[in-house]
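Q: Going down the list, the sequences are from chains G and F. Residue 414 in numbering that gives the first Met the number 0 sits at position 415 of the first sequence, and the numbers go up by one each step. Residue 1 in numbering that gives the first Met the number 0 sits at position 2 of the second sequence, and the numbers go up by one each step.
It is possible that part of the hints are untrue.
Said to hold, decoys possible - Below, simulated DSS-like cross-link-like pairs (lysine-lysine); rule was C-alpha separation at most 27 angstroms, straight line:
id	chain 1	residue 1	chain 2	residue 2
1	G	K326	F	K186
2	G	K315	F	K116
3	F	K187	G	K326
4	G	K315	F	K84
5	G	K165	G	K48
6	G	K258	G	K245
7	G	K258	F	K116
8	F	K85	G	K315
9	G	K93	G	K114
10	G	K326	F	K84
These are calculated hints, taken from the structure and not from any lab test.
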Amino acid sequence: MLSEFFRLAAQSILHRKLRSLLAVLGVLIGIAAVVGLISIGLSLEGMMKGEVSKVFGADTFVIMDKDTFSRGHSSGAKQYALDLPTLENVEGVKTVAAIRQRTAFVQGSAGADGKLTQGFFPVMGLSPQFLTEFKAFTPDTKLEPGGRNIAEGDLAVAVLSDELAKRLNVAVGDSILVAGEKSNEIKASVIGILAPSDAKQSQGFSGGMGATTTDTIYIPNAAMGQLWPEGNDFLVTAVRILPGYKVDDVADRAEAALKAEGSQVAAITSSDITSFIDKILSSVSVFLAGLAAISLVVGGVGVMNTMFTSVLERTKDIGVMKAVGAKNRHVLAIFLIESGLIGVLGGVIGILAGLGLSAGACFAINTFANMPGGVTFPFVASPVLILATLVSSFAVGALSGLWPARRGARMPVVDALRYE
Amino acid sequence: MALLDLKGVVKDYPLGQTVVHALRGLDLAIEKGEIVAIMGPSGSGKSTLMHVLGALDTPTDGTASLEGHNLEELGEDELVTLRGKKVGFVFQTFNLIQSLTAQQNVELPMIFLGVRKKARAERARLLLEKVGLGERLEHRPNELSGGERQRVAIARALANNPEIILADEPTGNLDSETGATILDLLKKLSLDEGKTMILITHDPDAAAIAGRIIRLRDGRVVQEVRNA
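So that you can see chain F by itself, here it is in the shape it has in the complex:
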């Protein structure tokens, strides 16, 4: 059984008077430990697919399951808990909470899962050391560089030790050199910790670290390539 399994997924949403057909019967299976890059032009449905893969949204039609849990069958709270435990997000714009320090940002997902304070602080420190920010624990996002912020975001994504890391244009706001370091870090984490990594990207360099590249167009998979 695939870790993530999408069958005939349709996602429509209203936009003013019209309906946008973001995904039009999409089939996709992602196995545990894979690194998958999802590419495609703007409007191809990449972001919508990411929302469904990350259990942030449910399909209008078809089925989407995460580790055998059918997303449509879960209540809102169950969906949140599943997401909190199984998926870590890395966003293009980092999306760190400005009022919190690096360590507190990393602790945030653990707070909502009810992890105790001491265990939480210890894990946050460990993760920040792992991404090379052991000296920046007490810094707030505005005191960190773009690359450092993305490292904090990666550490936060790992906080609850999820099966899947979903990275939406993780290098989109970084210069090429910093972007390359972030990609190295993501690849290393995937290999070292056996995480399933899904990269939504325009960047061929980012796609290069993936074992499989999926191209979307108009809400459908149009190409699937395996990297050697």
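Same shape as in the complex, but just chain G:
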């Protein structure tokens, strides 16, 4: 009997094409908005987690100031003190690479007028391993021809932006003087100049971890150690573990060892960052769910309106059905199925439209937005989302139809037959 009720409901929908279409459209727009927004949210999550896994992998963690991570932003990270040998000696640690930052007095060459160019500039100490073993942390940097990057074994060398090279009046092969604390100073040979686009777009070597500008001068960490022996200016430290160890275990040991030395740091693994992303995105999800609820309620009101009109218009049909043997529950079922079908129809088309919207947005971002560092927005079609939306679209349709359907079902047969 139920299959017959489905057929009767479907025929009624088809018989009132325009009105059904408008009700379907109401649900469709709501569902498309829900699916589209949530899918874009999932793409964003996928992109963020993808980037994290690209940088971290399963064998890497970073040491940061404990407040920097818990506050939830990395630009302008708070600097911290760290004893590198302590970290290197933690069981399971394979490689350690760090970035330190200071402001230093720097002197370049004399200009045409014979005056020396000098000033205070940010100096960033870089472990050469950052450019080899932790390449994912540092986007590909391009140097002007004739130059090279900082490498293992380097000491008194520097890499700087083309803009700064001009200001300091130096070229590859020239020297600059960098002064550290007390009377520590080194005469660093300029070995590379960053190509203009890289100086601006990639924010230099630190991949956005430190407050880099086109003024920053990059020197090896070994040189940094000579200029400022007290290591309390670390921005970020990357650690790779030995095979066979679990990254979370090594990170916990490292954090404990450093804290025992007095460092106020946190060892952050990819799972920490992933759960942090989840935390941020869950509030986004709540917001999206709110929007979704509004869209669905609007769609539901549309279905309710259609069903009230339908019940009113078919009062006589209800009377006839009851006269020829339909019970109240039969009439209720027919109208509920009808409104549910309107919901599902809107749901199915809405899901396709929403996924199309999300796919289009991902395509547009990937094609036209020119995201730095090759970041891409993956298109995500979540089966859970699709199934949940399909069920809820039927529920919205059926629930919106409940009130009108009950009115129809409870109508006394004699009154329904008399209705003009």
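Fit chain F to the supplied structure of chain G, relying on the hints for placement.
A: Positioned in the frame of chain G, the structure of chain F alone reads:
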């Protein structure tokens, strides 16, 4: 025992602030296989009587029984089932469901009684052939003439093979020629299939096919005539 037996039936219903006394102590017995015409001016209680006879409504007072079942004692679902099995309705305005084809309209009463699809379709085809619409099975009501629509309605009334056919002004919306054909069809069905036929009508031609004519006035039977 009469097929339909009404004893002292009173039916009152509220209309705004007043109460309408539609039936005022009406006695009526209709035997199996009879053709009965119920006539009377507007407001005489014809329609209310039809509702009680067709188990669409129950009396305010008195007793109404159909095949020995006292209507007041039945629950709502039992009343619907009894009606679905025992009574077929033919209305003045045909009352076909516009979204369904002729065959689907005829199948409708059988759906609610749970008749299987194949048996249902076969019976609907047979009945539509019987009323001369074997070629119109897939037509929707708006594709049929008035006479054809009433034939579909008659076929629908016969769907569950009921004992009683209750026809409320069956020729009221038809021209005289089509009306005469419909009356012939109703009479033939009554005689061939032994159905009890109750016609509610203003039309003397319709009443002419009945074996008994009952006249109502102010909710009471005022005259009962047997046709020769």
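Q: Please go over all the hints and tell whether each is borne out by the structure.
A: Here's how the hints hold up against the structure:
Of the supplied pair hints, the one linking K326(G) and K186(F) is violated, its CA atoms being roughly 31 angstroms apart against a limit of 27 angstroms. Straight-line distance between C-alpha atoms of K315(G) and K116(F) comes to about 25 angstroms, which keeps the hinted pair within the 27 angstroms bound. Between K187(F) and K326(G) the alpha-carbon distance is near 31 angstroms, which puts this suggested pair outside the 27 angstroms criterion. Distance restraint check for K315(G) and K84(F): the Cα-Cα separation of roughly 21 angstroms lies within the 27 angstroms cut-off, and the hinted pair is therefore satisfied.
With a C-alpha separation of about 40 angstroms, the suggested pair K165(G) and K48(G) falls outside the 27 angstroms cut-off, and the hint is violated. Using a Cα cut-off of 27 angstroms, the hinted pair K258(G) and K245(G) holds, with the two alpha carbons roughly 20 angstroms apart. This hinted pair does not check out: K258(G) and K116(F) have alpha carbons roughly 79 angstroms apart, beyond 27 angstroms. For the given pair, K85(F) sits about 21 angstroms from K315(G) by alpha-carbon distance, which is consistent with the 27 angstroms threshold.
Straight-line distance between C-alpha atoms of K93(G) and K114(G) comes to about 48 angstroms, which puts the hinted pair past the 27 angstroms bound. Distance check on the hinted pair: K326(G) and K84(F) sit about 13 angstroms apart at the alpha-carbon level, within 27 angstroms; holds.
Of the numbered hints given earlier, the model fails hints 1, 3, 5, 7 and 9; all others are met.
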